[in-house]
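J.: Here the structure of chain A is known, so what remains is to put chain B in place on it, guided by the hints.
Taken in sequence, the protein lines are chains A and B. Sequential numbering from 25 applies to the first sequence in this note's numbering. Sequential numbering from 25 applies to the second sequence in this note's numbering.
Hints were generated in silico from the structure; no laboratory data involved. There could be a bad hint or two in this list.
Repeated chains share a single entry, so a pair holds when one copy, or any two copies, can fit it.
[As the list claims (entries may be wrong)] Within a straight-line C-alpha distance of at most 30 Å, the following computed DSSO-like cross-link-like pairs (lysine-lysine) qualify:
#1 LYS169 x LYS230
#2 LYS108 x LYS76
#3 LYS208 x LYS56
#4 LYS30 x LYS230
#5 LYS208 x LYS197
#6 LYS48 x LYS147
#7 LYS139 x LYS108
#8 LYS208 x LYS76
#9 LYS230 x LYS197
#10 LYS108 x LYS230
Read off the chains here:
There are 2 protein chains.
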Amino acid sequence: MANKGKIVPVPVLRRMPAYLSFVKTLQKQGEKYVSSTRIAEYMGIDATQVTKDLSHTSISGKTRVGYEVDSFVEVLEDFLGFNKVNNAFLVGAGSLGCALLQDEGLRNFGLNILKAFDVDPAKVGTRVNDVEILHLDRLQGMPAKYNVAIGVITVPAECAQEVADLMVGWGIKAIWNFTPARLKVPGNIAVQNTTIYTNLAILFNKLHSSE
Amino acid sequence: MANKGKIVPVPVLRRMPAYLSFVKTLQKQGEKYVSSTRIAEYMGIDATQVTKDLSHTSISGKTRVGYEVDSFVEVLEDFLGFNKVNNAFLVGAGSLGCALLQDEGLRNFGLNILKAFDVDPAKVGTRVNDVEILHLDRLQGMPAKYNVAIGVITVPAECAQEVADLMVGWGIKAIWNFTPARLKVPGNIAVQNTTIYTNLAILFNKLHSSE
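Bound-form chain A, shown alone (with noise of 0.2 Å):
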């Protein structure tokens, strides 16, 4: 990783796909040089605000010409572990897990779900686009075994908290929870709480405060 194991601000680490969908248009449209200003004026923000972002990476600018386009997105990409391939395990194969096994876009920026698991006994042997499903008992040592250590977590929310104990006991050592439940897990485990629909609950009320 060139993040090197540090820690870097959420602020900066949401702004930084933009930056990288960015420069990856202008590479697509054959352009080879950018400048922060130019990027400051896509994202709506200071010049300084980017150059400062960017100074978390290896990213350096030359005087005049800006960034090297296409040694920008390589940079970038790694640095955010787009490159990398990160396997994980997804438990819940309901109608949103479903929808995220056959989400290619997740491979693409790292994420490669190997195993499904879900308590189903509908489901448990299926395959949702070439991803087996397995009984959630069989979870026990997989981690280990493939190497894993990303859950993912898409059950109904009342079960989430059971689902992220048994993750934790078989050694999973970072959660993607895209329940709205709170998980309480131990302090050496990283959790990513995603709830779409949280997002739609503000989108409905700019929506409807703008009515």
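T.: Chain B only, in chain A's frame:
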């Protein structure tokens, strides 16, 4: 809408679905009352924060017993807009777009994707989870005809601005942007950016910095 068109701070809206999830779990367990202290302990925050957040809603607790669970769930779901059907169009029936079309959870949280649009001849005319995929050219006039205010963007990032412009031109009032692109839209248009891959970057950073 119970929130009566008032803008609610985003951090409050981010916590509320977790409150709702917790109280719904208690409801399933047959509990009748919940105190702000208990919600606060679950969340790992201060009880005064919980009461302050809930003061945005019409939820009121009783001294000693706390909030009545059934009415808490009903009022909060209504407040967050999850009880109402909000029709939407989705543009970009690729991997992520089709994943969203297959996620029944969105409907449970108030978002009903009526139709999807794409430019790929192989996709146009097909259906995903019973949602028809139309050519993007047909978006014209559709938001007004179907009274649709919300547009979901799941196209490649470099096409996102173009799609946003079309949506705004045809009467969309709120955009749920799943791409890392930053959209430029008129001030009266609500935009919510949800880049799930950004959450991956944050998760990878937490994981690798703790290794």
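J.: With reference to the structure, classify each hint as holding or not holding.
T.: Cross-check of the supplied hints:
1. LYS169 x LYS230: between (47 Å within a copy, 23 Å between copies)
2. LYS108 x LYS76: within (25 Å within a copy, 43 Å between copies)
3. LYS208 x LYS56: between (47 Å within a copy, 24 Å between copies)
4. LYS30 x LYS230: So LYS30 and LYS230 pass the 30 Å test across copies only (9 Å; inside, 36 Å).
5. LYS208 x LYS197: Only inside one copy: LYS208 and LYS197 sit 13 Å apart there, 39 Å across copies, limit 30 Å.
6. LYS48 x LYS147: Between copies, since 26 Å is at most 30 Å while 39 Å is not.
7. LYS139 x LYS108: Close inside one copy (18 Å), not across copies (36 Å); limit 30 Å.
8. LYS208 x LYS76: Intra 34 Å, inter 24 Å, cutoff 30 Å: inter-copy only.
9. LYS230 x LYS197: between (36 Å within a copy, 10 Å between copies)
10. LYS108 x LYS230: Between copies only: 15 Å across chains, 37 Å inside a chain, cut-off 30 Å.
Checked against the numbered hints above, the structure violates none of them.
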